[in-house]
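Note that the protein sequences, when read in sequence, are chains U and E.
Once you know that position 341 of the first sequence is 341 in the numbering used here, the rest is easy, because the numbers rise by one and skip nothing.
Position in the second sequence (first residue = 1) + 1000 = the numbering used here.
Take these hints with a grain of salt, some might be off.
Output of the computed footprint for chain E on chain U, the stretches with three or more beta carbons under 8 Å from beta carbons of chain E [unchecked claim]: (1) 93-105; (2) 288-300; (3) 386-398.
Dumping the calculated EDC-like pairs for lysine to aspartate or glutamate here, alpha-carbon to alpha-carbon at most 20 Å [claimed, not checked]: (4) K207/U / D317/U; (5) K348/U / E553/U; (6) K263/U / E274/U; (7) K277/U / E1052/E; (8) K210/U / E199/U; (9) K206/U / E88/U; (10) K277/U / E143/U; (11) K394/U / E1008/E; (12) K52/U / E88/U; (13) K297/U / E1089/E; (14) K220/U / E188/U; (15) K297/U / E1008/E.
Simulated from the structure, these hints should not be mistaken for lab results.
Ideal Cβ placement from N, Cα and C applies to all residues, glycine included.
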Amino acid sequence: MSELSKAKHNRIKIALAGTPNVGKSVIFNNLTGGRAWVGNWPGTTVEKKVGKMRIDRQDAEVIDLPGIYSLTAYSLDELIARNAIIEEKPDVVVNILNASNIERSLYLTISLLEMGANVVVALNMIDIARERGYEIDVRKLRELLGVPVVPTIAIKGVGIDELKEEIKKACRGRKTPELIINYGDEVEREIEKIISVLEKDPALIKKYNKRWLAIKLLEKDEDVIERVRKSQVASMILKQVEKSIKTLEEALGRDIEEYIAEKRYEYAFRISNECVKVVREVPQTPSDIIDFAITHKVFGIPIILSILYMAFKFAFDVATPLVDLIDWFFAAFLYDIVKSSTLPEVVKSFLADGVITGIGSILVFLPNIVFLFIFISLLEDLGYMARAAFIIDKIMHRWGLTGKSIIPLIIGIGCNVPAIIATRAIEDENDRNVTALVNPLVSCSARLPVYLVIAAAFFVAYRGVVVLSMYLLGMLLAIMMALLLRKCVFRGPSTGFIMELPPYMTPLPKNVLIKTWERTKRFLFKAGTVILLATVLVWALSVTGPSGYIGTEALEDPTLLEKSWVGVIGKTMQPLFYPMGWDWRAIAALFFGFMAKEIVVSTMAVLYGAAGEEELPKMLSMAFTPLSAYAYMAFVLIYVPCLATLAALRGELGLKYAILALIYEILLAYLVALAIICIGIPLGLK
Amino acid sequence: MPLSFAPEGHLVRVVCIRAGRGLSRRLIEMGIAPGKVLRVVRTLGAGPVIIEVCGDKSKSVSDRCNLCCTSCGNRIVIGFGTAMKILVEEVARRE
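Isolated chain U (complex conformation) (with noise of 0.2 Å):
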């Protein structure tokens, strides 16, 4: 009754739970008819996701957590679906279990019940788990677990309304019953002797499960332990539990967490073998044949890379068509219209040169992503990327990184800021630390055009190699960098990473779509936000100086621009880079660049007199010689993350390491340009 009440007062809030790749987001997707990432990648939902869900005629409110398979908090994502249980209190905890992996899963099961967590079990891919001949006793496992349990198949929709009405039922207050799993006796004698002291704090007992909280202050969680500290019997509680693991660890001579933690697991096991039956021997399946060339010692690597490969063909060659569309609409139609409107001569020009010029030089790029981003998101959905972190991990980790890594790193061609974002998958913090810090160096496609605009400049024989050429340094930049930053920052072995191998799947359209489009949207944002107010910006210091207003003539006139903010910026910053002998119309995009890479092409348009990007090469061929165009390509690869991916970075790993991304970038671009210079010139190129 007091659950029904606190329904009609709170919004119902339903939390999914499960471990990483058991198909929580498409059953989140199923309930809520909203959008969540899909992936076959352990921990794709690296965000708590929210959507809605009608129970009896009221909403409630659905969050999709990251994949998770203890509630001890060890990786990121693991600490954050666990404080969203603690924190939110959910009404209902679906907890998705994988019915091919049931022993695995039920881990978290048994957490959730020690929690006092009201749940209600979806049992999913149980076609998978009948594929691999064995049935699963569904009522044995009811009963075992004393919880709901539903059978389902999320990606086809089978039993999502059975699992709707047990949610609605869970809902209308049925408490589950508290699971005790007896630790053995001695440990049971301290778990008593511990919640009696804690029962001296009413409030600490009325917002968590005494017995959880007794458990795990005995595993040693600094989590908890942190909040039992806020208690006004803190150092009375921690005094016992204190005592009670020494007498523990003493007398079991061991461990006392691993000893909890295989206790758990037993019981989970023991559950499995009563409740799982092998009706059928399956000795190989396809998923295994494929397997063995996917993760071959000898062809491993070569299948990578002409699948990276086909990556490149796909999100360029084919998105071609659309580009040029796209680069048509934005500088011929639109910017004709507001040209040869009657508009005053200062808003056309802001319109036209400011705004469309700017918003449609991004766009152009749009096509790239998008393509991109389905690719490495058929790769999730098919289960790909966890062969080749294995196939990787050797590689990486001579370079400090772990298998893990590749993911964000390969993502980061596309853009950095979804792929750094993606670090949360990586378990240890240095690793994670360092494959964030290094991702601003794989070379995105914002910098792509900087490139296309100089080789057609230079190289035109041998454009697609000098192109290649920037990927490839920033990628061995990226690795030089993480051993580095390994031997100086972030020291210590690394751990290493631990993942479940999915099968493979077919991916569902819908789960690419989705996915393709949530990551997109970050660089839409940062289109209409960033760059827009940026390129803004670009004209507004172009069309203004020193001395005021000069009018927007000086975006035509080269001698008059000289005299514009912008010039006053290139100048001075030239003598810095005289070895480099770039002119301060370059320098002066640089700077123009720091908000966003993209921005160096139009801004080198609008320097340069070029009447539109085809023109650019032209006027670019008088300004720099082939090797100081090179250097130049090299230092726009390097110097400065852009701001959106400063701003990710400053979100993720925090200010203080944002700042050192900036630093080392700009170092290291212009260590490298004079490098090119250095090595250019004796050999006597120009």
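Once you have looked at the hints, place chain E on chain U.
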């Protein structure tokens, strides 16, 4: 020997895990604890491994193993760094 060096296709038993607190726990949570029998599905030769958790120390290996290895097929990728910290002994060759 470290799990990383275990030959492909062999069955090995976990002797001990020499890892920090967080990692040992995580391994136990995934069913990799001292005494457990693992099947090495794939190795890259002193690198990461793909394994299947086969059995339990409480049951004899031969009983459990046939049942589990052929039925579950649930695989775990263990990175190089981690695989070096799991010490195992050989139990049997695959027939």
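Quick rundown of the hints versus the structure:
Figure legend: the segment 93-105 of chain U, annotated as covered by chain E; annotation consistent (4 residues with Cβ-Cβ distances under 8 Å, at least 3 required). For the segment 288-300 of chain U, the proposed coverage by chain E is satisfied: 5 residues have a C-beta within less than 8 Å of a C-beta in that chain, meeting the threshold of three. For the segment 386-398 of chain U, the assignment as covered by chain E holds, since 7 residues bring a beta-carbon within under 8 Å of that chain's beta-carbons and 3 suffice. In summary, the hint linking K207/U to D317/U is not supported, as the alpha carbons are separated by about 58 Å, beyond the 20 Å threshold.
Only pairs whose Cα atoms come within 20 Å are accepted, and K348/U paired with E553/U is accepted, the gap being roughly 12 Å. Proposed proximity of K263/U and E274/U is supported: the alpha carbons are some 17 Å apart, at most 20 Å. A threshold of 20 Å between alpha carbons decides the hint, and for K277/U with E1052/E the separation of about 19 Å falls inside it, so the pair holds. Distance hint between K210/U and E199/U is fulfilled; the C-alpha atoms sit about 8 Å from each other, no more than 20 Å.
Restraint check for K206/U and E88/U: the C-alpha separation of about 15 Å stays at or below 20 Å, so the hint holds. Of the supplied pair hints, the one linking K277/U and E143/U holds, its CA atoms being roughly 16 Å apart against a limit of 20 Å. With a C-alpha separation of about 16 Å, the suggested pairing of K394/U with E1008/E holds against the 20 Å cut-off. As the CA atoms of K52/U and E88/U are separated by approximately 16 Å, the hinted pair is consistent with the 20 Å bound.
With a C-alpha separation of about 23 Å, the suggested pair K297/U and E1089/E falls outside the 20 Å cut-off, and the hint is violated. The hinted pair formed by K220/U and E188/U meets the criterion: a straight-line CA distance of about 16 Å does not exceed 20 Å. For the hint pairing K297/U with E1008/E, the CA-to-CA distance comes to about 11 Å; that is within 20 Å, so the pair holds.
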